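Q: Chains F and B supply the protein sequences, listed in that same order.
Using the working numbering, the first residue of the first sequence is number 113, and each one after it goes up by one.
Using the working numbering, the first residue of the second sequence is number -5, and each one after it goes up by one.
Source of the hints: derived by calculation from the structure; they are not laboratory data.
Be aware that a few hints might be false.
To be clear about the criterion: a stretch of chain B counts as covered by chain F if any three or more of its residues have a C-beta under 8 Å from a C-beta of chain F, and this derived list gives those stretches [said to hold, decoys possible]:
{"hint": "1", "region": "58 to 64"}
{"hint": "2", "region": "98 to 104"}
Straight-line C-alpha distance at most 25 Å; calculated DSS-like pairs for lysine-lysine [said to hold, decoys possible]:
{"hint": "3", "chain 1": "B", "residue 1": "K65", "chain 2": "B", "residue 2": "K52"}
{"hint": "4", "chain 1": "B", "residue 1": "K36", "chain 2": "F", "residue 2": "K121"}
{"hint": "5", "chain 1": "B", "residue 1": "K62", "chain 2": "F", "residue 2": "K183"}
{"hint": "6", "chain 1": "B", "residue 1": "K65", "chain 2": "B", "residue 2": "K36"}
{"hint": "7", "chain 1": "B", "residue 1": "K62", "chain 2": "B", "residue 2": "K(-1)"}
{"hint": "8", "chain 1": "B", "residue 1": "K9", "chain 2": "B", "residue 2": "K62"}
{"hint": "9", "chain 1": "B", "residue 1": "K52", "chain 2": "B", "residue 2": "K62"}
{"hint": "10", "chain 1": "B", "residue 1": "K65", "chain 2": "B", "residue 2": "K9"}
{"hint": "11", "chain 1": "B", "residue 1": "K62", "chain 2": "F", "residue 2": "K169"}
In this text, all values refer to a predicted model and were calculated from it rather than measured experimentally.
Even for Gly, the Cβ is constructed at its ideal location relative to N, Cα and C.
Single-letter residue listing:
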Amino acid sequence: NAGVTQTPKFRVLKTGQSMTLLCAQDMNHEYMYWYRQDPGMGLRLIHYSVGEGTTAKGEVPDGYNVSRLKKQNFLLGLESAAPSQTSVYFCASSSGQGAIQPQHFGDGTRLSIL
Amino acid sequence: QQQVKQSPQSLIVQKGGIPIINCAYENTAFDYFPWYQQFPGKGPALLIAIRPDVSEKKEGRFTISFNKSAKQFSLHIMDSQPGDSATYFCAASTRGSARQLTFGSGTQLTVLP
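Turn these sequences into a full structure, and let the hints guide you.
A: Put into structure tokens, the structure is as follows:
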């Protein structure tokens, strides 16, 4: 049972380049989330999705776009990378059904923008 | 703005000690308060969680104390072990908006052997 898988694990980009981070979950979860983690700031929500074909903005959405074309996948895109987007990105999912369900996290993508 | 404030930033204890990590919140609509544990190179993992209708919850060596009137909650680790060395995050969420979590800034705990 893989849980939440993020690819790639590491990436270095130059300012202005674009890339897509992929998150895949095999738990049939409805809800998926993208966070960024920066030193001394905890995790901050970028975007989230409550189901296939839906997305919504979180706390820090500027500079990012997302898509949820399939229930199991949640993509995070950077159209024109900036050094301020250097961070560790975490994807999470939860079932969203019934009682409060925990969020399950992947192991992160470490992204450096030069 | 930081809606969940966490302290201390770092904490060092001897094996067997009882580290305590504190969090405070402002938003009275928060109704779910989880704690996450994160090891280097890994994603956060749910450790324990509490709803505001109880003042304490214990799971193994981990205990959450909750003070609704003060809008504060804390994590206590009994008989701490070197394997507990990790970063701990408190968080809070409200009903709706996919239960999105607002995290504290994290506490790096080191338990010395």
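Q: Each hint: holds or not?
A: Verification of the hints:
| no. | hint | result |
| --- | --- | --- |
| 1 | 58 to 64 | violated (count 0) |
| 2 | 98 to 104 | holds (count 3) |
| 3 | B:K65 with B:K52 | 19 Å, holds |
| 4 | B:K36 with F:K121 | 11 Å, holds |
| 5 | B:K62 with F:K183 | 37 Å, violated |
| 6 | B:K65 with B:K36 | 30 Å, violated |
| 7 | B:K62 with B:K(-1) | 15 Å, holds |
| 8 | B:K9 with B:K62 | 31 Å, violated |
| 9 | B:K52 with B:K62 | 17 Å, holds |
| 10 | B:K65 with B:K9 | 30 Å, violated |
| 11 | B:K62 with F:K169 | 29 Å, violated |
Taken one by one, the earlier hints fail for this structure at numbers 1, 5, 6, 8, 10 and 11, listed in ascending order.
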